[in-house]
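Asks: From these two lone chains plus the hints, build me the complex, please.
Now for the letters of each chain:
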Amino acid sequence: MTFEPGNRIRVRASEKPGHVRTPGYLKGKTGRVESVLGEFPNPEDLAYGLSGRPKRPLYKVSFRQADVWSDYEGPADDRLSADVYEHWLEPDKGETA
Amino acid sequence: MSDAHHHPHHDAGTEQAISPYAHRIRAIEALLLEKGVLTEPEIQDRVSYMESRSPENGARLVARAWVNPEFKARLLSDTKTAALELGIDAAGPVEFVVVENTPEVHNLIVCTLCSCYPRAILGRPPDWYKSFEYRSRAVREPRAVMREFGFEPPDRVEVVIHDSTADVRYMVLPMRPPGTEGLDEENLAALVTRDALIGVNVPRYIGS
Chain H
65 MTFEPGNRIR
75 VRASEKPGHV
85 RTPGYLKGKT
95 GRVESVLGEF
105 PNPEDLAYGL
115 SGRPKRPLYK
125 VSFRQADVWS
135 DYEGPADDRL
145 SADVYEHWLE
155 PDKGETA
Chain E
420 MSDAHHHPHH
430 DAGTEQAISP
440 YAHRIRAIEA
450 LLLEKGVLTE
460 PEIQDRVSYM
470 ESRSPENGAR
480 LVARAWVNPE
490 FKARLLSDTK
500 TAALELGIDA
510 AGPVEFVVVE
520 NTPEVHNLIV
530 CTLCSCYPRA
540 ILGRPPDWYK
550 SFEYRSRAVR
560 EPRAVMREFG
570 FEPPDRVEVV
580 IHDSTADVRY
590 MVLPMRPPGT
600 EGLDEENLAA
610 LVTRDALIGV
620 NVPRYIGS
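Same order as they appear, the protein sequences are chains H and E.
The first sequence begins at 65 in the working numbering and counts up one residue at a time.
The second sequence begins at 420 in the working numbering and counts up one residue at a time.
Hint data in this document are derived by calculation from the structure and do not stem from the laboratory.
Where is the CB? At the ideal position from N, CA and C, for every residue including glycine.
Be aware that a few hints might be false.
To be verified - Computed from the model, here is a short list of chain E residues facing chain H with C-beta under 10 Å:
| id | residue |
| --- | --- |
| 1 | LYS499 |
| 2 | LEU503 |
| 3 | ARG575 |
| 4 | VAL576 |
| 5 | HIS581 |
| 6 | ALA585 |
Stated by the list, open to error - Part of the chain E face toward chain H, derived, beta carbon under 7 Å:
| id | residue |
| --- | --- |
| 7 | ILE444 |
| 8 | ILE447 |
| 9 | LEU451 |
| 10 | ASP586 |
Excised from the complex, chain E in its bound form (with noise of 0.2 Å):
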């Protein structure tokens, strides 16, 4: 990082209008840096280590899963163990807790209190997410929520909500779907998506 670059924003090219809340950041950002609080490069590491994360991490974890009933057992046990075992490093202070749906369980993800998500696995949120229209009608009226999302689990299926409210992170293990026994690891985990892995959709395959 040169010195010139002194005020790390991190797509400058376009400054559009910026929000309060933005602004309050850099104060917030510039103010930490001055009194030593945080260097620039720790900054930069925080930034890099967010941005290497990705729903990508999660459907490969999914797919491998679905292909290898050992790594899933570890997934559900030890998530962090067997994340690691695929090169995703998801240490840290929280826990990790995968959730795996079933004919009869479909579950779903939300943080009522703030944003808390598998951060060190998946990256950062959809801005949806953190709404605070997600995070009220998740718990309140989860089937009308992932109805709007394009997905209605029947009745049958009990809707089981995990609201994140302190120390550990949840991500759901979607269900194989039917027609894909002759998909490679890799051509499964296309198949799962962010939000499947938040529980607000489902996988699906639409035969080739």
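Looking at chain H on its own, in the form it has when it is part of the complex (with noise of 0.2 Å):
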């Protein structure tokens, strides 16, 4: 388990084909580790049959709205959050809000 409540990440702005479970609009958006929700087989492995294992972490991730769209028609405290597996996840080297 590499990150904790609190911690600021960035999602990966990978280009990894096929099926995968992190958002294309939230590719290398900064927010917020919100929780920990516990670790389960890698789905983007079990969807071409393989055992998913090692299991991975599995984050919920909270980003500010403004954060994740330029244009947000809404109030600034609105916020999205995702579920997102570790290995799309890196610390946030910039300034921590």
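Replies: Dropping the structure here:
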């Protein structure tokens, strides 16, 4: 378990082909780990008949909508969270918010 | 299931124009049966399982949470166990997380990647939930989407979107509407719609 709640992260801007569980609109975006959801067989391998082992930590990651969409229509406090596997996350080296 | 009914399409009465996707699914189903990967009873069990789930389950959980704070705490911390208390068996590999609406926070559920939904509790999602339009707009302009469903959270309320991208399924615990102090659990449950469990709307009560 690399990350813990409160950590600032960036979603990897990877172009991994095929079945991925990280939505394109979050790639490269920065957010914060909200909670650790547990460990699950990697669905990106399960999709191809593989074992999905070792299990991968899954995090609930929270983003400010204004950080996800430059033209977001709503108030600045609106948020979006998604469930992201550890291999899609890297520490955010930018300044902490 | 009789042998004569070889093709388990589920309401064959009015055979309208069948979409190419339905043809494809039936071809895959036939192949899975032919190759012995699945049996017809297994398919029927799965259909029955799904048809035994409905938004009423969610409404019962919400109504119980409204009248019983201890139950509410359990529903928020361990959804599967709490559901089992009401006879709702949501066992399976996916986890459930119930997110609570408060005067400060309104939650909305979407699955942008496909159509993940708390099926083991609520059954099949509505068609609009699976549409490209909902899936793309719910994350990008959630307030406009809710407005179209007839709900407009004030700007001071934080709107939080939950994109169920992986192994967790989300359900909203809406706020109990004002004026419902005298209602019993059953009448409270009747106020809780599927839309409110997804978060595109909220329960309302217009006195009696």
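Asks: To test your reading of the hints: which numbers does this structure violate?
Replies: Numbers 1, 2, 7, 8 and 9, in rising order.
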